[in-house]
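Combine the two chains into a complex, taking the hints into account.
Those protein sequence lines, which keep their order, are chains U and V.
Quick note: the first sequence, position 242, residue 242 per our numbering, numbers continuous.
Quick note: the second sequence, position 123, residue 123 per our numbering, numbers continuous.
Keep in mind that the hints were calculated from the coordinates and are not lab data.
Check before you lean on any hint, since a few could be wrong.
Stated by the list, open to error - Straight-line distance between alpha carbons at most 25 Å, and here's what the computed PhoX-like set of lysine-lysine pairs gives:
hint, chain 1, residue 1, chain 2, residue 2
1, V, K79, U, K210
2, U, K49, V, K99
3, V, K51, V, K116
4, V, K45, V, K169
5, U, K147, U, K181
6, U, K181, U, K210
7, V, K169, V, K79
8, V, K51, U, K210
9, U, K128, V, K116
10, U, K210, V, K169
11, V, K79, V, K45
12, U, K49, U, K147
13, V, K79, U, K49
14, V, K116, V, K70
15, V, K51, V, K2
16, U, K276, U, K147
17, V, K45, V, K2
18, U, K256, U, K204
To be verified - Not the full set, but computed from the structure, chain V residues with beta-carbon under 8 Å of chain U:
hint, residue
19, D33
20, Y113
21, F163
For each residue, glycine too, the CB sits at the ideal point set by N, CA and C.
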Amino acid sequence: MQTFTMVLEEIWTSLFMWFFYALIPCLLTDEVAILPAPQNLSVLSTNMKHLLMWSPVTVPGETVYYSVEYQGEYESLYTSHIWIPSSWCSLTEGPECDVTDDITATVPYNLRVRATVGSQTSAWSILKHPFNRNSTILTPPGMEITKDGFHLVIELEDLGPQFEFLVAYWRREPGAEEHVKMVRSGGIPVHLETMEPGAAYCVKAQTFVKAIGRYSTFSQTECVEVQGEAIPLVLALFAFVGFMLILVVVPLFVWKMGRLLQYSCCPVVVLPDTLKITNSPQKLISCRREEVDACATAVMSPEELLRAWIS
Amino acid sequence: MKLQCVSLWLLGTILMLCSVDNHGLRRCLISTDMDHIEESFQEIKRAIQAKDTFPNVTILSTLETLQIIKPLDVCCVTKNLLAFYVDRVFKDHQEPNPKILRKISSIANSFLYMQKTLRQCQEQRQCHCRQEATNVTRVIHDNYDQLEVHSAAVKSLGELDIFLAWIAKNHEVMSSA
Numbered sequence: 001m002q003t004f005t006m007v008l009e010e011i012w013t014s015l016f017m018w019f020f021y022a023l024i025p026c027l028l029t030d031e032v033a034i035l036p037a038p039q040n041l042s043v044l045s046t047n048m049k050h051l052l053m054w055s056p057v058t059v060p061g062e063t064v065y066y067s068v069e070y071q072g073e074y075e076s077l078y079t080s081h082i083w084i085p086s087s088w089c090s091l092t093e094g095p096e097c098d099v100t101d102d103i104t105a106t107v108p109y110n111l112r113v114r115a116t117v118g119s120q121t122s123a124w125s126i127l128k129h130p131f132n133r134n135s136t137i138l139t140p141p142g143m144e145i146t147k148d149g150f151h152l153v154i155e156l157e158d159l160g161p162q163f164e165f166l167v168a169y170w171r172r173e174p175g176a177e178e179h180v181k182m183v184r185s186g187g188i189p190v191h192l193e194t195m196e197p198g199a200a201y202c203v204k205a206q207t208f209v210k211a212i213g214r215y216s217t218f219s220q221t222e223c224v225e226v227q228g229e230a231i232p233l234v235l236a237l238f239a240f241v242g243f244m245l246i247l248v249v250v251p252l253f254v255w256k257m258g259r260l261l262q263y264s265c266c267p268v269v270v271l272p273d274t275l276k277i278t279n280s281p282q283k284l285i286s287c288r289r290e291e292v293d294a295c296a297t298a299v300m301s302p303e304e305l306l307r308a309w310i311s
Numbered sequence: 001m002k003l004q005c006v007s008l009w010l011l012g013t014i015l016m017l018c019s020v021d022n023h024g025l026r027r028c029l030i031s032t033d034m035d036h037i038e039e040s041f042q043e044i045k046r047a048i049q050a051k052d053t054f055p056n057v058t059i060l061s062t063l064e065t066l067q068i069i070k071p072l073d074v075c076c077v078t079k080n081l082l083a084f085y086v087d088r089v090f091k092d093h094q095e096p097n098p099k100i101l102r103k104i105s106s107i108a109n110s111f112l113y114m115q116k117t118l119r120q121c122q123e124q125r126q127c128h129c130r131q132e133a134t135n136v137t138r139v140i141h142d143n144y145d146q147l148e149v150h151s152a153a154v155k156s157l158g159e160l161d162i163f164l165a166w167i168a169k170n171h172e173v174m175s176s177a
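This is chain V alone, in the form it adopts within the complex (with noise of 0.2 Å):
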């Protein structure tokens, strides 16, 4: 009887383990609007290239050249990214069209709602950075600093469609890490 009783307790807590382990992993998602920072972009994308001095380069290349990141890294190279853009590109880069500037400053304000989700991953624990993850960050750093800063920072805000589509379709991966 007494035995019964222990292993039921011990299932019933793993099973609540388990949920709450599971109610953290959906916290991760970043599903929250990205239809609307995409909309955004689309309606900036067009003058944003123009500006682009430097077409045959790429900063973001890696991201499309690595097909799959593999689903432990996603997390990381999300959070990667996302302090990519906030702490540089958006800084350095100074819009003088008002039209332009609201739609720069809704994406970037998007991201800074969205690193504060990832941190929240991050102290459960589920957000680990492996050397392949830190790898892919560092290259599309150096590429940007190859650049003079405002050509760069005009590149990679032209980029963010290829970032965007690489968040919507790791999403789901995201999710089940």
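Bound conformation, chain U alone (with noise of 0.2 Å):
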């Protein structure tokens, strides 16, 4: 009986001490070889850009990378094992993630994240409340107005096709009409009014994200001012002189032509003056007809040549 009572007690010992040797490899382990998992997940979330951060794992001495999945309502409702890989962090070195192309629905988002290094990964961190698009934060765009002479310019920051802006802009005199125009996309010059002379016109701006319909709050409002009178006065005198003087030149320029051309094509005959007939007495050359061959070249007085000139 003795001896029984012995070997069962040396029998539980040695499983007691078999249990306990077994145990250490895995004590040791949970001490020195398990992976923290990321802590403190957040999302920062600006313009429909949507930024996972969290808390970095230190290893002295090594580079930790990790992981991150995603799961929209649909997988959390009907497929919940189901977490996708994100399209641009896996095995990424900072702690923090782009997922704007993981969200692509207005709908709540599960994110979770993990650290790796070498052959050990930590345990998944998911983020405590899901987040949903609809949350981000829309700040007013900024816009650049310029005057391209009179006509007022717009040109609003290019944030993405998700973006469309809402333009307001009046006259700023009392009882002015605002007007609004709705602008597609930023990036581009668009033209809002032609302005008239010594008039203010004043603009501001929001976005509109129709994936979620939203709108962020309104720019500061920017004043532009065209100049009076003075300019097209001057402009005004410039042209009345210059019609004028055009009005001048024109016509003697024609006329001035005219004389050249008349000289140059059909010049007026003009008698050389051995030619031409005085009072002193001269040569002259008679011909008749019935002599042909015989031209006498006679000195004849003024009454001889009366004579002459009656017959």
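Structure representation (structure tokens):
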């Protein structure tokens, strides 16, 4: 009986020791080898750009890589075991991940991260409250107002294809009507209004995101002024003077050209001095029809000259 | 004097009710991000349609042949088809390729959002289901049941462009329905 008890005791002790020895590696592993999961997950979302951030896991002398997975509301309701690897963050180094390309519907998304060092991976750390992109912070858009002559032109910040802009502009005078224009995309100059000289115009803008049905606040109002009548008057004066000059110069020119043409193609025939008839006696060539071959040159007196003329 | 006040008050009330009603109608618009859904589908269309083992059969045929679904039925048909995809098609299809899985997830979650939007209309009694609309969706479910479930799911996924084109064509109608 005693032997049996002793044998039992020995077996029990052996079992206990075996169990204890088996536990040691597990305890050691718990203390040294398990990688902690990333903590303090949060999403910073501005203008539909969503950034998942977490506190980094530090392992001395080692580079820690992180993997991100997401699950839309559809997956969490219908296929809860399915998590989809993030487009850009499978084994990324920094403690943040741009999940903009993953969050593509306006529903709550679950996000989770784990750390990897060598062959070790940590447990998954899940974002506490699911993220819905309709909670994004919308900032007023940057805008540049320019004057192109009398044209009021606006160029808005390019925020991507999901953004449209509502531009409000008015003439800065009491009781002026506010106009509203919808601009489909930023980065392109858009004509708002042709301004009247001497007036000031003010502009402000806000963004609209159709996917979440929300508007940002309006930007700061910017005003521009167009120069008064001084410039147009000077221009008018110059124009008038120019016109008068043209009125005078062109006929003169035409007349001069006419005279030139006349001289060059149809000159007036001027008799040379030697052929001109004067009071003093001169040489005359008289030819009668009967005397064709004999042409006499004679000096006549004025009375004989007259007689010759009459006959 | 009193009669004038009463009639003005009545007119004001009617106008107010009409504007409230109009605001509700605008909520039925499913124009939210349709471009993105179509883009996502175009990227995976060829891969999905290549897996279709029954090319001579269509599941959404009733949408093509019924070129004009009456405006009153558009909301109900849309609601039923969204439920068809969300409750049956996406669940029955197991996609191993992560790139395609991402796009399908994007479309599925967008459909979920569209369902929520339509439910708001339904609460305001603007999405009645008449017999014609119910018949259309029943035919589609019957077509789906005639095929083996995985083949049916793949085929229905491949026919998403038919559904998306139908929504795009009819959503203007819906907004005024």
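Here is what the structure says about each hint:
1. Only pairs whose Cα atoms come within 25 Å are accepted, and K79 of chain V paired with K210 of chain U is accepted, the gap being roughly 21 Å.
2. With a C-alpha separation of about 21 Å, the suggested pairing of K49 of chain U with K99 of chain V holds against the 25 Å cut-off.
3. A hinted pair counts as satisfied when its Cα atoms are at most 25 Å apart, and K51 of chain V with K116 of chain V does not qualify at roughly 31 Å.
4. Restraint check for K45 of chain V and K169 of chain V: satisfied, since their Cα atoms lie roughly 20 Å apart, inside the 25 Å limit.
5. In summary, the hint linking K147 of chain U to K181 of chain U is supported, as the alpha carbons are separated by about 18 Å, within the 25 Å threshold.
6. About 16 Å separates the Cα atoms of K181 of chain U and K210 of chain U, which keeps this hinted pair within 25 Å; it holds.
7. Proximity of K169 of chain V to K79 of chain V is assessed by CA-CA distance (about 15 Å); at most 25 Å being required, the pair is judged to hold.
8. Note on K51 of chain V and K210 of chain U: the hinted pairing is violated, with a Cα-Cα distance of about 34 Å set against a maximum of 25 Å.
9. Taking the CA atoms of K128 of chain U and K116 of chain V, the gap is about 24 Å. The hint holds against a cut of 25 Å.
10. Between the alpha carbons of K210 of chain U and K169 of chain V the distance comes to roughly 19 Å, so the proposed pair stays at or under 25 Å and holds.
11. Only pairs whose Cα atoms come within 25 Å are accepted, and K79 of chain V paired with K45 of chain V is accepted, the gap being roughly 23 Å.
12. Annotation: proposed proximity of K49 of chain U to K147 of chain U is violated, straight-line Cα distance about 33 Å (limit 25 Å).
13. Of the supplied pair hints, the one linking K79 of chain V and K49 of chain U is violated, its CA atoms being roughly 30 Å apart against a limit of 25 Å.
14. A distance of roughly 23 Å separates the Cα atoms of K116 of chain V and K70 of chain V; the hinted pair therefore holds under the 25 Å criterion.
15. Our distance criterion of 25 Å between C-alpha atoms is broken by K51 of chain V and K2 of chain V, whose separation comes to about 74 Å.
16. With a CA separation close to 78 Å, the supplied pair K276 of chain U and K147 of chain U exceeds the 25 Å bound.
17. The straight-line distance between the Cα atoms of K45 of chain V and K2 of chain V is roughly 67 Å, outside the 25 Å bound, and the hint therefore fails.
18. In summary, the hint linking K256 of chain U to K204 of chain U is not supported, as the alpha carbons are separated by about 62 Å, beyond the 25 Å threshold.
19. Hint status for D33 of chain V: holds, given a least beta-carbon distance of 5 Å to chain U, under 8 Å.
20. Interface restraint check: Y113 of chain V against chain U, minimum CB-CB distance 5 Å, threshold 8 Å, status holds.
21. The beta carbon of F163 of chain V comes no nearer than 17 Å to any beta carbon in chain U, farther than 8 Å, and the hint placing it at the interface is violated.
Hint check: violations occur at hints 3, 8, 12, 13, 15, 16, 17, 18 and 21; the rest are consistent with the structure.
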